Each structure stands twice: as C-alpha cells, then as structure tokens.
Amino acid sequence: MTLLALGLAAQIGFKLATPPRGARAEDLPPAPGIGALRLASFGDPVALAKGLMLYLQAFDYQSGTKVPYRDLDYERLEAWLTRILELDPRGQYPLLAASRLYAEVPIESKQRSMLEFIYRQFLLDPNRRWPWLANATVIAKHRLHDLPLALRYARALQRYATAANVPLWAKQMEAFILEDMNELEAARVVIGGYLQSGSITDPAELRLLEKHLKDLEAPSSRTPRK
Amino acid sequence: MPIVAALAKATLLEAVRNRLLWLTAILVVAAFGLTQFLNQVAIAETREIQVALLAAPLRVGAVFILAVFVVTSMVRESNDKVTELLLSLPAPRSSYFFGKFAGYASVAAILALLCAVPLAPFAAPPGLALWTVSLVCELLIVTAVSLFCVLSLAQVVPALAAVSGFYLLSRSMTAIQIIAGASLEGQTLTDHTVSAVVALIALLLPALDGMTQTTWLVGGAFGNVFAVFGQTAIYLILICAAALFDLYRKNF
Numbered sequence: 001m002t003l004l005a006l007g008l009a010a011q012i013g014f015k016l017a018t019p020p021r022g023a024r025a026e027d028l029p030p031a032p033g034i035g036a037l038r039l040a041s042f043g044d045p046v047a048l049a050k051g052l053m054l055y056l057q058a059f060d061y062q063s064g065t066k067v068p069y070r071d072l073d074y075e076r077l078e079a080w081l082t083r084i085l086e087l088d089p090r091g092q093y094p095l096l097a098a099s100r101l102y103a104e105v106p107i108e109s110k111q112r113s114m115l116e117f118i119y120r121q122f123l124l125d126p127n128r129r130w131p132w133l134a135n136a137t138v139i140a141k142h143r144l145h146d147l148p149l150a151l152r153y154a155r156a157l158q159r160y161a162t163a164a165n166v167p168l169w170a171k172q173m174e175a176f177i178l179e180d181m182n183e184l185e186a187a188r189v190v191i192g193g194y195l196q197s198g199s200i201t202d203p204a205e206l207r208l209l210e211k212h213l214k215d216l217e218a219p220s221s222r223t224p225r226k
Numbered sequence: 001m002p003i004v005a006a007l008a009k010a011t012l013l014e015a016v017r018n019r020l021l022w023l024t025a026i027l028v029v030a031a032f033g034l035t036q037f038l039n040q041v042a043i044a045e046t047r048e049i050q051v052a053l054l055a056a057p058l059r060v061g062a063v064f065i066l067a068v069f070v071v072t073s074m075v076r077e078s079n080d081k082v083t084e085l086l087l088s089l090p091a092p093r094s095s096y097f098f099g100k101f102a103g104y105a106s107v108a109a110i111l112a113l114l115c116a117v118p119l120a121p122f123a124a125p126p127g128l129a130l131w132t133v134s135l136v137c138e139l140l141i142v143t144a145v146s147l148f149c150v151l152s153l154a155q156v157v158p159a160l161a162a163v164s165g166f167y168l169l170s171r172s173m174t175a176i177q178i179i180a181g182a183s184l185e186g187q188t189l190t191d192h193t194v195s196a197v198v199a200l201i202a203l204l205l206p207a208l209d210g211m212t213q214t215t216w217l218v219g220g221a222f223g224n225v226f227a228v229f230g231q232t233a234i235y236l237i238l239i240c241a242a243a244l245f246d247l248y249r250k251n252f
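Here the protein sequences line up with chains A and B, keeping their order.
First residue of the first sequence: 1, per my numbering; consecutive thereafter.
First residue of the second sequence: 1, per my numbering; consecutive thereafter.
In short, the hints are calculated from the structure, not lab data.
Note that the structure is a prediction, hence the values are computed from the model and not measured.
C-beta atoms are modelled at their ideal positions from N, C-alpha and C, and glycine is treated no differently.
Check the hints yourself; a few may be wrong.
Unchecked claim - Short, incomplete list of chain B residues facing chain A, as computed with Cβ under 10 Å: (1) 36; (2) 38; (3) 57; (4) 171; (5) 214; (6) 218.
What the hints assert, rightly or not - Covered stretches of chain A (chain B as the covering partner; in silico rule of three or more C-beta atoms under 8 Å from a C-beta of chain B): (7) 33-40; (8) 174-184.
As the list claims (entries may be wrong) - Derived SDA-like pairs (lysine to any residue); straight-line CA-CA distance at most 25 Å: (9) A:15 to B:34; (10) A:15 to B:37; (11) A:110 to B:42; (12) B:81 to B:95; (13) A:110 to A:166; (14) A:214 to A:204; (15) A:110 to B:43; (16) A:110 to B:44.
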C-alpha cells in the first residue's frame, strides 16, 4: 500500500515538475505527402481530414500558450490546408480558416499568399467554394486596398460560380468594384450583360439590377463610390 | 440445424457474460464525450467534425472488440477441450463452424447497431442506415477472418496479429496501390515487379477501404450498396470455405 502511494505520488510529482510544452510557430512540421496521408487514413480520408484540421488549428492555441498566426510558416500552412482539402474535397473548414483566420494577419505578403491559395482552391470547385473567394474579394478591397486584385477575384466569381444557389450579390461584386475603380462604362456593360443574359429570373433581383443600371446612367453617378 | 442454433445461442450468451455489451457501451460513451469536447474546439463544420471523429473510432473500436472476442473465445474453448467435446457430437464439423459463425455474426450485428446509436443525432438517416449496414458487412468479414485465423493458428497472439495485419492492409490497399504505381522516374523493372506484387495482394483482399465511409454520414456521395453486399458475400464464401477446409483436415 505504501509502495502504491509512493508510486502514485512520484508519478504526479514527475508530471507536475515537467514544464508544459511551449507552443512555437516553428512547431508546425512540413505537411506529409498525400500518399502518406491516404495510407494513414486507413480508407477513411474524411475522418483524418477533420482531425488534421483541428490539429492545424491547435497551432494557434496549444498547451495554453498563444502562437500568433503571423508567426506561422505560411508555405507549410498552405501545404497542410491543401492536403486536408485533397483528403476531403467537400470540406469547407480549411477555406474558412484560410479566409477568416489566416488571411486576417497584419502582414500583407502573408495575406496575399492566403488569398491566392483561396483563389486557386476556388477554381477547383467554384460552385461549392465561392463564399471564400467572395470573402477574399472583400479582404482584397477593404484590407489590402488592391482593387485590381479584388476585381480579378470578383471576375472569377462571376465567371465560374454558376450554380443557382450563388447569390446575386456575389456575382455583382465585379460591377461594384468597377464602379469603385471609376470604370463606370465597364460597370454598365457588366450589369447590362447580366440583364440580357437571362440568367436572372427572380423579379426582385431584376428590379434591383435595373435600378442600379439607371443609377449608373444618371449624371450624378460620374462621381466614384466611396 | 438445432446444433447450429444452440451453438449460436451459447456464443451470444458468452458475449453477454463477458460483458461485451458493457464494454461497447463504455466505448460509445467515451467516443460521444470526445466529440462533445471537439464541439468546443471546432469553429466551423461542428456537426461534420463530430460525426467524422465519432464514427471513425467507433468503427475501429468495434472491429477490435469483435476480433479479440472471437480469437480469445475460440482459444479458451480449445484450451478447455470444449472444441473437442463439441466436435465429438453426431454432427458434421461444418455445423460446429456455422454455429460459431452465426453466434459471432449476431454479436457483430449488435455491435454495429450500438455504434450507430450515438451517430443518430448528427447524421442524416439514409447515410446512417448505409453506414450501419456497411459496418455490419465489414464486421462479418472480420468475424470470418478471425475464425479462419484462430482455427489455423490456434494461438491468441499470432491469430490477432494476422487479423490486424489483414484488416489494416485491406483498409489501405488502394493507397498502397497508388503509391506503388506513382514512380517519379520512368518505371523500372523493380517498379513493375512491386506494382504487380501489390496488385496481386490487392486481388486477394476485400475492398474494405470502400466500406463504412465517414463521408456517407456528412452528406457525401453514397457508395454502391450492392458493391458492399457483393464484396461481403464473395469474401464470406471464400474465407468460410478456407476455414472449413482447414477444420476438416485437422486432427484433434
């Protein structure tokens, strides 16, 4: 009994004496190859992808010590996110994390690399991944103040996100950004194109676009939107 | 037939007395508790993460419990000379085999149903039904392979090692084939040989990596249920035939 108590006390003491592992950004290891991950999934890649996403997310908050996202190696981060999407292409979590967490860091180069990652992934499955490119467009416009970049993303949205469930505001982003760039003629052409394409059938959406086109054609619209 | 039913009933009774159902209940509760914890950690796709990280350990846990139960139960029976007693009854050896198999198969079905219960609040009914049926099929294959291994090897550790190797290999065979066929440089003779050996092994293993997929529970495309049934039926015939061949040639 004494030996048992001693053993228990020694174990608890040992664990208490061991300092908690520090969470450093360098702790994020390189992403394994997709072949190795498929092998490790034992035929169930979706479950592995969900677990890996939680593991990756833990590099923000690990063992109670916060690691700012900006200290992460973004090349490695991108590789991890790519692998997770390859394992579970239907999953939205990696792109949500990319656009809402990792693209929000105050380092422009890292923001841009994450936005490009979102853009590349969007092109692989536009009708499912459009919300994240829409968010990337907003970040490019309002955070980076890079209107040409925002226009590139908005054009991709308009061109490739063709499913019926993609809302008008997402498809219309291109026109709004053109207005912001004072490209009013181009904006009018884009909106006129929507109306003539016949792809918009909702009466409320049609009215909204027609009103917007009239506003653009009004003389006061020559002043760019803020 | 009466001896088959009696053996199946005795096997089920043994599972109950071994507290197998309690063990499964503990597994289910522990896995459910883990997913509640993950619920607090995930910032998106909470339901999908809960389902995926609940289903995968439950499947592996059910396979582990079943394989260990089949192997240890058969070895204990053999050590207690119960096997010899049963084989001395005026019934063919196949009755003994199918009686034991029916009992273990019933345990497998109960395990699969218990594993499906905690998934019910999170998964859509059609996906959950397919997942459960597929898990029953997967467990039936594991039951047959465990019986075959324990009848052939007659020892706990070798039999369990063989079943584990079989299961892990079957579950990763597609990935292994992809890796074996993806040489960075031109295909050499060694590459061709490795690919051919891997393809040959894959031919002999069941397509377990297409069964009991988590993606069915999170709204992904459903698998071909007929392929699951077909693979199960074919492999059960193959393994049961191999086990019976071994059982008939053995001298007790």
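*Hints broken by the structure, by number, lowest first?*
1, 8, 13
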